[in-house]
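J.: Next come the chains, spelled out residue by residue.
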Amino acid sequence: MTKNTLLNIAIWVSRGLKILLIIAAVGLTGLFVYAQIDKDYFADEEIVLKANPGYLGVSTIVSDVWKDDTKEAQFDSKPYTFGKLKTISLYINYFKVISVAVLLFLILRAFETIMLSVKTLHTFSNRNAKLFRTIGIYIIVVTILISYTVLRFESGSQTISHLSLTPVIYILLAFIMAEIFKEGENLRAENDLTI
Amino acid sequence: MPIIVNLDIILAQRGMKSNELAEIVGITTANLSILKTGKAKAIRFSTLEAICKALDCQPSDILEYVED
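If you read the protein sequences in the order shown, they are chains A and B. Plus 29 on top of the position in the first sequence (first one is 1) and you've got our numbering. With our numbering, the residue at position 48 of the second sequence is 31, and numbering never jumps.
Honestly, the hints are just simulated from the structure, not real lab data. Only a predicted model underlies this, so the values are computations on that prediction, with no experimental measurement involved. There could be a bad hint or two in this list.
What the hints assert, rightly or not - Covered stretches of chain B, as calculated for chain A (at least 3 residues, CB under 8 Å): (1) 24 to 31; (2) 35 to 42.
As the list claims (entries may be wrong) - Distance condition first, Cα-Cα at most 30 Å in a straight line; then the derived DSBU-like pairs of lysine-lysine: (3) A/K79 / A/K47; (4) A/K148 / A/K125; (5) A/K159 / B/K36; (6) A/K211 / B/K36; (7) A/K159 / A/K211; (8) B/K0 / B/K36; (9) B/K22 / B/K0; (10) B/K24 / A/K159; (11) A/K115 / A/K125; (12) A/K113 / A/K79; (13) A/K107 / A/K211; (14) B/K19 / A/K125; (15) B/K36 / B/K19; (16) A/K211 / B/K0; (17) B/K24 / A/K148; (18) A/K113 / A/K68; (19) A/K79 / A/K107; (20) A/K148 / A/K68.
Unchecked claim - Simulated DEER-style distance windows between Cβ atoms: (21) B/I(-14) / A/L49: 50 to 58 Å; (22) A/A218 / B/A(-5): 52 to 60 Å; (23) B/A25 / A/I173: 41 to 49 Å.
Even for Gly, the Cβ is constructed at its ideal location relative to N, Cα and C.
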């Protein structure tokens, strides 16, 4: 099936996205390291979380600012700047974003493996069924990771929680595809053992 | 599986080798081996017909039902 144009395009798009993900992860790590070396560079950059519920989703943002009793001014006028972000919060969120990038990369790689097996006419195999199940599990983890974000600052915090039906549909699709491929593998085995 | 394939016995009775039968019937020796060892899930009527023709026997000579 080497002349299937759509399949070839999908494989190339998947490869391109994988490269983009690597570039994004490397860029983000570079920024993260730079932010540790030159702390003043991003100090005044304001961090504002934005709700993006998409279709069939709900996003809520909770922003808190608390009083600093040690200073004269009771409330900080700019509490959500990068310089005031707590180190632990920065580290947790960095590793969260990197984990999501790694998982997306693994999802793309699994999908690419499946598409390549279709190209080589090994579509219905236990390996593909397992790959679809793995994709489903990865999407579950990504959904959990992106559903809740907390940014803790010196005198405030921002929390965003996100619930959406879209990833649930993707998860169900991945597991249904796994079952379809498992059935396909059974049919193939039966056909192969029909003399 | 309660269906036993007695192809070995009939082949011995006819003094025919597996590869000869495979060639006459038009299946691979690997597939004939699957059939002989009882690993096959199904047998096509066309294959059964060709085997019966080659060995000059009835399907009941080759296939036997034994209760588990």
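J.: If any of the earlier hints don't hold here, list their numbers in rising order.
T.: Of the numbered hints given earlier, those the structure breaks are 2, 4, 5, 6, 13, 14, 16, 20, 22, listed in rising order.
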